[in-house]
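Number of protein chains: 2
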Amino acid sequence: MPKATIFEVAKLAGVSIKTVSRVVNHEPNVRESTRERVERAIAKLNYRPDQSARNLASHRSHLIGLVYDDPAAYELPSAGYVIQLQQGALKACSAAMSQLLILPCNYRKAQVLAQLKSLIEETRPEGIILAAPLSNMPKVVRAIEETGTAYVRMSPGEANGEHYSVATNDREVSAEMTRYLASLGHRKIAFITGHPNHKAVAKRFDGYRDGLKDSKLNFSERLVAAGDNSIGSGESAAEELLSQEQPPTAIFAANDDMAVGVVRVANRLGIDIPAELSVAGFDDIALARQIFPALTTIRQPLAEMAERAARALIEGKNDAAAIKGTEIVTSSLQIRESTGPAPGE
Amino acid sequence: MPKATIFEVAKLAGVSIKTVSRVVNHEPNVRESTRERVERAIAKLNYRPDQSARNLASHRSHLIGLVYDDPAAYELPSAGYVIQLQQGALKACSAAMSQLLILPCNYRKAQVLAQLKSLIEETRPEGIILAAPLSNMPKVVRAIEETGTAYVRMSPGEANGEHYSVATNDREVSAEMTRYLASLGHRKIAFITGHPNHKAVAKRFDGYRDGLKDSKLNFSERLVAAGDNSIGSGESAAEELLSQEQPPTAIFAANDDMAVGVVRVANRLGIDIPAELSVAGFDDIALARQIFPALTTIRQPLAEMAERAARALIEGKNDAAAIKGTEIVTSSLQIRESTGPAPGE
DNA sequence: GCGCAGATTGACAGCGCTGTCAGGAATGGG
DNA sequence: CCCATTCCTGACAGCGCTGTCAATCTGCGC
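Residue numbers (this note's numbering), protein chains in the order written: chain D, 1 to 345; chain E, 1 to 345.
It cannot be assumed that every hint is accurate.
With a cut-off of at most 30 angstroms between alpha-carbon atoms, the simulated BS3-like pairs for lysine-lysine come out as follows [stated by the list, open to error]:
1) E:K91 <-> D:K109
2) D:K44 <-> E:K117
3) D:K139 <-> E:K3
4) D:K139 <-> E:K44
5) D:K109 <-> E:K3
6) E:K117 <-> D:K3
7) D:K117 <-> E:K3
8) E:K11 <-> D:K117
9) E:K18 <-> D:K117
10) D:K139 <-> E:K91
11) E:K44 <-> D:K117
12) D:K18 <-> E:K3
13) E:K139 <-> D:K91
14) D:K3 <-> E:K109
15) D:K91 <-> E:K117
16) D:K18 <-> D:K3
17) E:K18 <-> D:K3
18) D:K117 <-> E:K91
19) D:K44 <-> E:K139
20) D:K91 <-> E:K109
21) E:K44 <-> D:K109
22) D:K44 <-> E:K109
Sample of chain D residues at the chain E side, in silico, Cβ under 10 angstroms [claimed, not checked]:
23) Y81
24) L100
25) E121
26) R124
27) I231
28) A286
These aren't lab readings, by the way, just hints derived from the structure by calculation.
Built from N, CA and C at the ideal position, the CB exists for glycine as well.
Please model the complete structure; the sequences and the hints are all you need to start from.
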């Protein structure tokens, strides 16, 4: 069955091609009876509008680009992260008859920025979703800006009033986690900070301090260790924290990888989790559920964030003014096995 | 800078649009001097051919679809798997000026097949890469066939002489792993079988038997436990195997998830790996490197397989006869910490 | 019954490119 | 030097659709 064109549908329905076009695009001002007639013809011929023709005539590409840090080039820890982003973006795209263009981008390589620009210019997406951590790298943002393409940043460090971005409540939910730990009776709650370049992760530290204050606990530098988001750095930080004469009874790491490092060290040292030490992370990576004990952490609604970003881009096409400000999608605690009452409670 | 069209390039270079088209498409029969002139004009104007116009005029979509089991719908364990497939397919696509269309497909849902067909009909990809385990589900294959789209299956259970497919040497490399275990002095090497529906995984069992034979070891039913590819089933299988009066000194699981289950049980039972028990898996999932001890396993060159599949589809356009048979890409052992000399060796 | 605003429809000109084909230039052999 | 080939180039007709705009139809108020 050769694919039917709009002409054949028009002939079968006894209308002009323009009317068929109207029906297909859900344009107003088509008489109900006509619409039905056309729809029957479409169904009968299994007509599918040709995207290329449509894009060409309408001067739209119906393409949304999703730019993210290439996990394959790295170590695949963030594969789950990317998959969630894709899922959300894909949902919004298919709802809007758009296509998702995936643009993995290994920012460690020299010419990627030029390549990215080139790719964007070739494919001409209508909008670009820029995922973290790329979203807070000025060079990347600039490269995209230079292409003149609309973009939405996900979890950008600081908001840019000129652009729309989607973020989560890192600070608030981190405070919540800290309060939760305090509510379990913990008085010495330590924190492992993340990579200094990752702005969103820095906010988690602020949240930790907020939570401490909310719980009437004093902040102490000695309960803070520096990490860089890797498992290894989590291990070092844990060793440092746990070797104190009065070690913390709870450790909250700015991301799950570091929390996993803490769990490893505790296991190695024979420290029982959660009886002697509570551990919490942030991100809810797949590994969080797979380790023993399963990690208490914070889950970001990544798919939903990406979906909103995509929707904003798609809808923003018709309303440039709307595409400003920051939208916050709230994360939530995932209480699992690695946290429990403070010893002696 | 408004995007330049082929007309402006033609004018600047002093040639017809057709000649510009020839240069852009690397068609033969263009004088070298003319080509250079056109190329300079293209560079000067930063001209990028409009894909939609090109697709429309050439009756090609320049789209390759990648259909895989939606990891987001499931549990994200296979996110790394999908990312690798995407990476490989993307590489082949960008080399061929094509675009990759990602088509996650949750086969557990009722109408996905119809949705998939619909999506394929709407987007009209030129070819489809069908990843495992979808590639050995007759329904899925049939759905794609009904759309009349060319497709390549990855790791299909049995080859179909009529179609091209890309697979890895599951059986041979499993035999190799078994021989490796035997070479470490193990005499009682157990095997945990995978999900019966997953054909490629079944071949690993055959390979295990081959390896046993190669190593002059007898096959014993008592050293085989059934799993279903999940971590949980690996745990059950391990409990069963290790509770025997003469337990195996090595366990080879048909996939990494089950091997992880084995490691968990061993840890729980206080069995030292690899001193008392060697454990091997298959797939080299991210978790394999993250657990302790790091898992000896087998790495499939997934990205390369996907790349070949994509290339076959792209090139096959010009040579339908070439798109037959099965291409084998070899996997390789990843020796890590979970395997060692048999006790007493 | 008349006139007008709004609803409905169609004619048609492109969108930017490639395929086709024909014409002119260059090349090689006799 | 002529003619057959091959090489190179351009004119032009679409590809299948949407935007524009004008034509027609409807309903409604008076």
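Hint check:
1. E:K91 <-> D:K109: 16 angstroms, holds
2. D:K44 <-> E:K117: 16 angstroms, holds
3. D:K139 <-> E:K3: Measuring from Cα to Cα gives roughly 23 angstroms; hence the hint holds.
4. D:K139 <-> E:K44: 24 angstroms, holds
5. D:K109 <-> E:K3: Since the Cα atoms of D:K109 and E:K3 sit roughly 28 angstroms apart, the hinted pair holds (cutoff 30 angstroms).
6. E:K117 <-> D:K3: 14 angstroms, holds
7. D:K117 <-> E:K3: 14 angstroms, holds
8. E:K11 <-> D:K117: 26 angstroms, holds
9. E:K18 <-> D:K117: 27 angstroms, holds
10. D:K139 <-> E:K91: 24 angstroms, holds
11. E:K44 <-> D:K117: Between E:K44 and D:K117 the Cα gap is close to 16 angstroms, so the pair holds against 30 angstroms.
12. D:K18 <-> E:K3: 28 angstroms, holds
13. E:K139 <-> D:K91: 24 angstroms, holds
14. D:K3 <-> E:K109: It holds: about 28 angstroms lies between the C-alpha atoms, which stays within 30 angstroms.
15. D:K91 <-> E:K117: 17 angstroms, holds
16. D:K18 <-> D:K3: 19 angstroms, holds
17. E:K18 <-> D:K3: Satisfied, since the Cα-Cα distance of roughly 28 angstroms is no more than 30 angstroms.
18. D:K117 <-> E:K91: Holds, at roughly 17 angstroms.
19. D:K44 <-> E:K139: Given that 30 angstroms is the threshold and the Cα spacing comes to 24 angstroms, the pair holds.
20. D:K91 <-> E:K109: 16 angstroms, holds
21. E:K44 <-> D:K109: Distance ~26 angstroms between E:K44 and D:K109 Cα, so the pair holds.
22. D:K44 <-> E:K109: OK: D:K44 and E:K109 at ~26 angstroms, within 30 angstroms.
23. Y81: Holds, about 8 angstroms.
24. L100: 7 angstroms, holds
25. E121: Since chain E brings a Cβ to about 5 angstroms from D:E121, closer than 10 angstroms, the hint holds.
26. R124: 8 angstroms, holds
27. I231: Nearest chain E Cβ about 7 angstroms off; hint holds.
28. A286: Holds, because the Cβ-Cβ distance from D:A286 to chain E comes to roughly 5 angstroms (cut-off 10 angstroms).
Consistency note: the structure conflicts with none of the earlier hints.
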